[in-house]
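J.: Kindly generate the complete structure, drawing on both the sequences and the hints.
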Amino acid sequence: MKLSRRGFLAAAGTTAAGGVLGKLGIDLGPSVAHAAALKTRYARESTTICPYCGVGCSLIVATMNRNVINVEGDPDHPINEGSLCCKGQSLYQVATSDRRLKKVLYRAPRSTEWEEVSWEWAIERIADRAKRARDASFTEQDERGRTVNRTHAIAALGGAALDNEECYLYGKLMRALGLVFIEHQARI
Amino acid sequence: MSDERGVGSFAEVLERPGVSPDLVALQETLWHYVRAAQDVLAGHYPTDPPPPAAVQEGLIGGRTVTDAWDPTPPDDLLAATARLLHAVLTAAACEAPGPLRLLARGAAAAGASGAGDARAARDARQTDDAEAAGAAADAPAADGAEVPSTAAQDAPGGGSPDAPVPRETLARWFHAAWRADRRALQELAEPYACDADLLAFFGRQLARPFFQRLGATLQLDPGAWRPEQLHAGCPLCGGAPRIGRYWPEEGGRTLWCDLCDIEWRFPRVTCPFCLNRDHETLGFLSIAEHENYRIDVCDSCQGYLRAIDDRSTGRTAALDYLVEDVGTVHLGLAAEREGYRPGRVAGSGPVG
Chain A
0 MKLSRRGFLA AAGTTAAGGV LGKLGIDLGP SVAHAAALKT RYARESTTIC
50 PYCGVGCSLI VATMNRNVIN VEGDPDHPIN EGSLCCKGQS LYQVATSDRR
100 LKKVLYRAPR STEWEEVSWE WAIERIADRA KRARDASFTE QDERGRTVNR
150 THAIAALGGA ALDNEECYLY GKLMRALGLV FIEHQARI
Chain B
0 MSDERGVGSF AEVLERPGVS PDLVALQETL WHYVRAAQDV LAGHYPTDPP
50 PPAAVQEGLI GGRTVTDAWD PTPPDDLLAA TARLLHAVLT AAACEAPGPL
100 RLLARGAAAA GASGAGDARA ARDARQTDDA EAAGAAADAP AADGAEVPST
150 AAQDAPGGGS PDAPVPRETL ARWFHAAWRA DRRALQELAE PYACDADLLA
200 FFGRQLARPF FQRLGATLQL DPGAWRPEQL HAGCPLCGGA PRIGRYWPEE
250 GGRTLWCDLC DIEWRFPRVT CPFCLNRDHE TLGFLSIAEH ENYRIDVCDS
300 CQGYLRAIDD RSTGRTAALD YLVEDVGTVH LGLAAEREGY RPGRVAGSGP
350 VG
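Chains as they are written, first to last, in numbering that gives the first Met the number 0: chain A, 0 to 187; chain B, 0 to 351.
Just so you know, the hints here were simulated from the structure itself, not pulled from any lab data.
Don't take every hint at face value.
To give an idea of the interface, some chain B residues facing chain A are shown, with a C-beta separation under 10 Å as derived from the structure [to be verified]:
no., residue
1, L25
2, A67
3, W68
4, D69
5, E248
6, P266
7, L332
Simulated restraints, written as ranges between beta carbons of each label pair [claimed, not checked]:
no., chain 1, residue 1, chain 2, residue 2, range
8, A, R40, B, E11, 43 to 53 Å
9, B, T89, A, A36, 35 to 45 Å
10, A, L104, B, R276, 40 to 50 Å
11, B, R276, A, E119, 39 to 49 Å
Just so it is clear, CB atoms sit at the ideal spot from N, CA and C, and this is done for glycine as well.
T.: Right, here's the structure in full:
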């Protein structure tokens, strides 16, 4: 290890500046040369919670230039400790797949074709269908004459992406319609 | 893991791109010292192991083991290891006269006891004479640069290489070095006309076998989770981690301390140096040619941490992090080009 003088580079305290290694005559030339040819890309990671069931697994999402480049379970979260079910694991596709639907598609009864419709039209149609199904099946009294005001033709399965407040309103709406088959998929 | 590391792994790392043979040679030399010192310390250090309460504090309570327990070894062990390090460095023709001198004379002072004083002092003078002869025999540098004299290598100060060395000098050096206490190292360097950076570096090397023995006795489970309080730095010495690793399956991260040669679990998306958890100021650098590595960076403290990324490789075998450290210098240099610095834990200074 022959000693040779090395001047301090602008940045003190770095490996490149030499510091102690420079004072010992350690030649970092090969590393400096190799590093000069390396291109770095900067990415970020942030944590989030799976939008699906009530377990609430945590994920780490890596992004580069505002694009999602990786999704994985968060190993440090006590709930899932890095594991994910297949739905959570597929969130990467939710974020990045070009096969995600961007428009509402409607297939009329007996039709073999999908047609694009607007949200407004679709919501009106869904409301209309729900009301008709409910009206057609609405029972005011059961077979023993007791007032029931219910429908057995519709069941509600909730939605894992609904939060507590949304579930509350959802439950109210279903009961207002007269449903009794009210469940939530997350607990099945 | 320490006992299994052989010369072979250093030889292998030389084949990787961007590795500095000088640095490998230095680390290999120092490893010889650490390995030999283990034989000296076996059965003698730690004399009384850290109490379980202190160990628990270090693992769970958010402090380090050495916050609650003093690792300074007795003078005779320090003297023995200092002599050993001196011999290893001299055999490798290491040109750091200041630290070498302090090692020799500090060992003599620490090991001296009454009747042995005269002989110890004579030994120290003989060592100094040998160093002076060695330095004078050096050929001038090939590039025509100034040939530094022994005094010129070290910091010019008011001190003198011949200043008397008290018995407790090695202990002070040990204490200042493992804590990376910049001011204490400066105070130690001045009386002896030594360079503080070199004292920091060689003091840390001197301390390695002690801390590695401590680390081995603790038998830290790298997977152990510390939920109660997060603190930056090695659970044993509190120093900045040197390198990290991402593991397959769950994708957890561990950190490694080069002083203690221990590995511990640490959460992701958290700066290991300043504990920043803001995802907008944390990131990582990836390099196409080195896809099984990443460099975690923090825009708050500007620190970087090189990490081996085994999430895709599926590799769970124990790795030689000392070799990885030497083999990934280019990653650090790339990070420094982006404006980052080797990470530092608050309260500690750079040790090179």
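J.: State for each hint whether it applies.
T.: Now for the hints, and whether the structure bears them out:
no., hint, verdict
1, L25, "holds, 6 Å"
2, A67, "violated, 26 Å"
3, W68, "violated, 28 Å"
4, D69, "violated, 26 Å"
5, E248, "holds, 7 Å"
6, P266, "holds, 4 Å"
7, L332, "holds, 4 Å"
8, A:R40 to B:E11: 43 to 53 Å, "violated, 28 Å"
9, B:T89 to A:A36: 35 to 45 Å, "holds, 38 Å"
10, A:L104 to B:R276: 40 to 50 Å, "holds, 42 Å"
11, B:R276 to A:E119: 39 to 49 Å, "holds, 43 Å"
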